[in-house]
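Student: Order-wise, the sequence lines are chains H and L.
Note that the numbering used here numbers the first sequence so that position 226 is 226, with each residue one more than the last.
Note that the numbering used here numbers the second sequence so that position 300 is 300, with each residue one more than the last.
Some clues are possibly wrong.
The calculated lysine to aspartate or glutamate pairs, modelled on DMTMM-like cross-linking and capped at a C-alpha distance of 20 Å, are [unchecked claim]: (1) L:Lys187 to H:Asp97; (2) L:Lys187 to L:Asp205; (3) H:Lys262 to H:Asp227; (4) L:Lys76 to L:Asp137; (5) H:Lys95 to L:Asp137; (6) L:Lys309 to L:Asp205; (7) L:Lys76 to L:Asp156; (8) H:Lys95 to L:Asp204; (9) L:Lys187 to L:Asp204.
Please keep in mind that the hints were generated in silico from the structure rather than gathered at the bench.
Predicted model, so just to flag it, every value in this text is computed and none were measured.
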Amino acid sequence: MLFGYNLSPILAQSVLGMVNGAFYALLSLGLAIIFGLLNIINFAHGALYMLGAVVSYLLLHFLGIGYWPALVLAPLIVGAFGVLLERTMINRLYKLDHLYGLLLTFGVALILEGIVRNSIGSSGVTYSVPEALRGATRLGFMIMPTYRLWVVVASFVICITTWLILEKTPIGATLRAATENAALVQSFGVNVPRLITLTYGAGVGLAGLAGVMAAPVYSVNPNMGSDVIIVVFAVVVIGGMGSILGSILTGFGLGLLEGLTKSIYPEASGVVVFVLMIVVLLTRPAGLFGKAA
Amino acid sequence: MFSLGFTRPQLIALAVMVAVIAIAPMAVYPVFMMKIMCFALFACAFNLLIGYVGLLSFGHAAYFGMGCYLSAYAAKHWGFPAEICVLLGGIVAAAMGAVFGAIAIKRQGIYFSMITLALAQFTYFLCTQMAFTGGEDGIQNVPRPFLLGFLSLSNDMAIYWMVAVVFLVGFLAIFRIIHSPFGQVLKAIRENEPRAISLGYRVDDYKLLAFVLSTFIAGAAGGMKSLVFGIASLSDVTWQASGQIVLTNLLGGMGTVFGPVVGAVIINTLEFYLSPFGSWVTITQGLIFVACVMVFRRGVIGELGARFKVAL
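So that you can see chain H by itself, here it is in the shape it has in the complex:
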């Protein structure tokens, strides 16, 4: 007990909030990687996350491919779509104002959403939790659905792995160098255009992966992307895109805060992210982890 509140439901809600946080982290991580190298805000990120969920649903229903293979296949398919998108359209925009990248990817998001709405309807379809992850797990202070626990842990591992790849491997070093100065890296013999394409594919693949993991939690529906992408934009503004680790921490942190708000004052849980964004902008305009402009 603290200040008259029983703490264990608050703690439980916060941990459940981490499930949302896991998706925020995965999506803002992908956005940050793409922005770092391409200087484009990928508005289609939400739609590609939705596409990941839809692809895993289609794999199950038309090819009988279950959750575990889909966890690998769907991100690859979404990533391949991203590579196609970058090769055919986005790569023509690098010399233009950044806002054209935003507008193009917004258009792509609308097309994807419209097509999915046409084919599976607005209300969406359900995707059942895989056999191995059904039931609940006792955590001492609460009982948590095993699947949700898996989402939090898996997302955390993926985020940290991605961060380690970027910070500790030669590929990561090349990527960070290209983010700082692409022309210089190219002069060292690195194929920067291919690096950019693969980076976009990988960032988008992360969104697809998040989509597969989200499919059993939320229903698979055409709006799931646009609902989440605006919150993720707020996450990105709060965290600042300067740091990869920053975007991961902000993502999880905001999920936690949302869960906390839900247990104390449920009506505000939808807006708490935006309120925090306003507070951060007024006090630290560059974002919590951002470099000052």
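Mind docking chain L on chain H? Use the hints.
Tutor: Relative to the frame of chain H, chain L by itself:
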């Protein structure tokens, strides 16, 4: 003096536009024309930012929608006359624009767009929960108020002339703003912000004032729309509505005087013919977005202007 700064081709285009507004109700359903004029004014307000300051506000529907709500509420519950309702919509939108604008201009470029979008979504959430908006139901059955307190607007043609006058006044006001010394500074900021700062202009103040002016006009446009249709609903505050006004400008031609108007005509006509096909509206809008960005960045009016070497 008389030309108000219009060039000759622009004067001709203006005359054509006025003539179309005057003649169209004989051939086209007046309510449809009014819808176009409301959205055209909204698009012109948006263009003041994107076209002349280079600010992409991705949440402009929040101000338009708030104008809708306020004007509908004032007409239904307070019985205010029409011009006060529209004005009130504009003033409340501008007050909101002053607060949100001050927050958003703390960051530049893409961040500005993301912040305005997030703030608009924040507004959307508030609208779903606040009592005065009616939540999911919106404000329905709004009676058409009297103009100046005694002129009945219940006839579609009566309110048509009011909408036409407000639209033209708003259109000319934006034209004056763009061509005033203030507007020249805005364009300087668009072209090279660091240089404008180094010349001693307080860039943030200029941006904020432009933002407030734009949101005022957007709110007034929304205020008219809810009086015409007798309803204010959540659909006017959604991010889709914000996206649509971006598309309107992109298609018509950002940074041109007549582009937003032409864009509004095309988009609303398309929507009218495609609406029976459900989500095809979304797909078509997406395709137009992609096509405009890839091959058609100047928009219809921009391309025409470039072809004939005139500024429209």
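Student: May I ask which of the numbered hints given earlier this structure violates, with the numbers listed in increasing order?
Tutor: The structure conflicts with hints 5, 6 and 8, although it agrees with all the remaining ones.
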